[in-house]
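S.K.: Chains as they are written, first to last, in the numbering used here: chain A, 1 to 837; chain B, 1 to 45.
Be a bit skeptical, because a hint or two may be false.
Calculated cross-link-like contacts (lysine-lysine; reagent style DSS-like; alpha-carbon spacing at most 30 Å) [unchecked claim]:
id, chain 1, residue 1, chain 2, residue 2
1, A, K700, A, K626
2, A, K638, A, K815
3, B, K37, A, K153
4, A, K233, A, K487
5, A, K176, B, K37
6, A, K532, A, K554
Rather than coming from a laboratory, the hints here were simulated on the basis of the structure.
Here the structure is a predicted model, which is why all the values come from computation and not from measurement.
As a plain string of letters, each chain reads:
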Amino acid sequence: MSKKVLVIGWDAADWQIIDPLIAAGKMPTLQKLIKGGVRGNLSTMNPPYSPMLWTSVATGKTPDKHGVLGFIEIDAEKQQIRPVTVRQRKVRALWNIFHNQGMKSNLVGWWPTHPAEPINGAVVSDLFPKAIGGKEKEWPLAPGSIHPKSLEKELTQFRIHPHELTEAHILPFIPKAQEIEDDHKKSLDIFVKIMAHNTSLHACSTWLQENTEWDFMAIYYDLIDHFCHAFMKFHPPKLPAIQEEQYEIFKDVINSAYRFQDMMLERTLELIDDDTLVIVMSDHGYVSDNSRLLTPPDVHAGPALEHREFGIFVMNGPGVKKGQNVFGTSLLDVTPTILNYFDLPIGADMDGRVMMDAFEELPPIKMIDSWENEPGDFGLHGQGSEEDVLSAQAAMEQLIELGYVDRPDSNVEKAIHKTKCELRFNLARVYMGKQEFDKAEEILLDLIQEETEISHFLVDLVQLSLIKEDYASARKYLEQLRENDPKSRTKTQLTEAKILFGEGKVPQGKKILEELSKRQSLAGASYFELGKLYMRLEEYPNAKENFEQAIEHKPNNAKYHHALATVYLRLGALEDALNHGLTSIELVRYFPDAHYTIGQILEKMGDLDSANQAYATAEKLRPKLKRARIAKENIEKKKSKRLGHDETSDFPEITIVSGLPRSGTSMMMQMLNAGGLVPLTDGVRKEDSDNPKGYFEYEKTKSLHKNNDWVGEAEGKVIKVIAQLLKHLPVDYRYKIVFMTRDLDEVLASQTVMLKNNNVQPKEGVKKAFNTELKKLDDWFDREPGVEVLKVPYSGVIEDPRSQAELIQQFLGKKLDIEQMVDQVSSDLYRNRILKF
Amino acid sequence: MKKSVKNVTYEIPVRGSLGLLAYGHKGIIAWRGARDKNDVNQKKK
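Bound-form chain A, shown alone (with noise of 0.2 Å):
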């Protein structure tokens, strides 16, 4: 029997809410579907706007690929905003490729895929259901909304009209429907609009199901979404600024609306065969709990804030697990795992992957470049043939009556200027959900200097400043900020503090951050900065209990448990380490960097295959993710036990040495010099008494904190760096570090006279300071996977510079002239030695 794949979507679906109703026995076909099967949380991306999602959903691909970027967009020949189109996706889709391969797909209500596309099978659009006017007579179904056009007549019967709704079908939701008054009553229209668009779906695809044979099949409903959006805040529990008399008419309206959902799936699934491959699943959840927003706020797509990071995802069919909980999945992965499914190849451009723990087996992944660049039909839109799009009044009316978008500007021109500036500034957020701050930052730049309202385009600048350590630029524009919209002081004291931490002001920071902790909804980040902070310091213990009261505060919080699991991990408990690193990927998948700190906390528990698999998931999110691809390189090293240079490495090597000042840098690098290794020095400090032979330095080296691009011209070649800079290094390359260690007592007589040499006096607490500084670097080098180091004490040298020059020469793996080597060691050289003072 062939392989079939069904899609359900419910936006804004959430476990918050559904798994209480499943434990009353109130969601019994989604519970059966479960217990069948396997769910998990599904990890949302940044902005999470629906039409957005869903088109990532359907490609494997993030918006900045596929070109969708919002609710709206403009219609260039008809110079207008009319909803987002199918024509606004660059890339093809599942469905496409189906064609392509001569499958049939049935698409009922995806979000966007209006007008409908030529594909083989059917497609009725998500502008199907939306009703023009108040009257019935006058509903005009919109071109373009069912493919093909010989299924109209069947179909458009099965619209209903708000209208058409009756006290039976509300009563069921609100039972005392009767008591609401007049300036309530608007709430009774979104509620029959609602359900009619949703059930008129809904009855499409049980037609389409019993009467078209198809391959795939995906069916949307935004029913969730949309009454969480008029009805959330009078869920339970009651909200104390609800008023007790409609608290009490809406407080059942979400859990019916899953209930009558449930209702709905049951009969999606009596008509599929039992070797259809079922997935639920939803773009995001919702806020449920007590940080529900009565009413969004006035900012670009407001609403989208009450959507919660994690949707829900059930998968089960044929070699789907029975029973089990599936972690890290991602909606970017849906497209990849049905493609693998179908035995498909998956593109090497698309974002997600497949879901390869959901499955008992499956059959082999098969990779190609790309979908886009393979020849043939993909039922694709033609050039120059678009069908008279309507200007989706009623659309763009629920857009707005939902708050995602502001009713366009009646001057034209304006209207389209900012509509294009929205979709620009959701670009530069994907960016920055992607972490590719540059272009983000280009973006908003931009912005600023073409619109008037800018404040939006201000907060991300001053995250993005933040988050490349620019705290000159993060105060400028917070500032710009505070002077541009007087009101946003008192909500950006959290970054203020982060700025205050910047500048190095650390009790002004503080001070800010305790007093914000004691407020319940800050609370949590407070923590976490507090945190941050004493990890910065290197204060892990102190870290720890501020990480462990922001989870306290956000249980599911993703960043809170990865930035506990790296506190475990410095502290070496790398069970618990373990414990967060998991959790914070269950919760969030695509979180690269928590996928990295799980490959380390693995590779130290020595479990080199699983760790290898968690660095190959960093850098598959985030292909910029240096340390996780040297990371993979270590591990393959380790596990075929080489020794010396790995000639197979893709990062270049350079050789440094290192320590102290007056450990003994400048005799190594001789020493080295003399053994046959270029060192990259300029000369331009000259030899004198303390150093008579020289010190191979070079002046870049003193500015690497500001800048490290030039670091390449010392591949291949051996370079000097002192102890507190080492870190500053970039990731581009692999350092073999030579890192001389010398008594600190010896190290501080010699840098003693040194400075009276040049008549400054010596400072007080050095010795301290120095301790910490090597103990730091100790935990610097134990992390950073480019990184290898042979220490070699500087007595040693001095005693027996051969055996130190022959450990040297394993060490960097190069063939070195031993006896030139030796011979730079002047036992003169050792005349600070403390024994002589």
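Based on these hints, arrange chain B on the given structure of chain A.
M.R.: Below, chain B without anything else, positioned relative to chain A:
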């Protein structure tokens, strides 16, 4: 037109109307048929 849909007859109890919508296209046909024939449900407006 069929006189019943999965044992749901045209004599639809008021609350059963919602169940018929959940039943899909056949439910809508059944519900409209019953409504038109028996005037079971009053229009909202």
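S.K.: Hints first: check each against the structure and report whether it holds.
M.R.: Evaluation of the provided hints:
1. A:K700 x A:K626: Judged against 30 Å, a Cα distance of about 24 Å means the pair holds.
2. A:K638 x A:K815: Holds, because 22 Å separates the two Cα atoms, which is no more than 30 Å.
3. B:K37 x A:K153: holds (23 Å)
4. A:K233 x A:K487: Status holds; Cα separation ~25 Å.
5. A:K176 x B:K37: Within the cut-off at roughly 28 Å; holds.
6. A:K532 x A:K554: holds (16 Å)
Violated hints are absent here; each numbered hint is respected by the structure.
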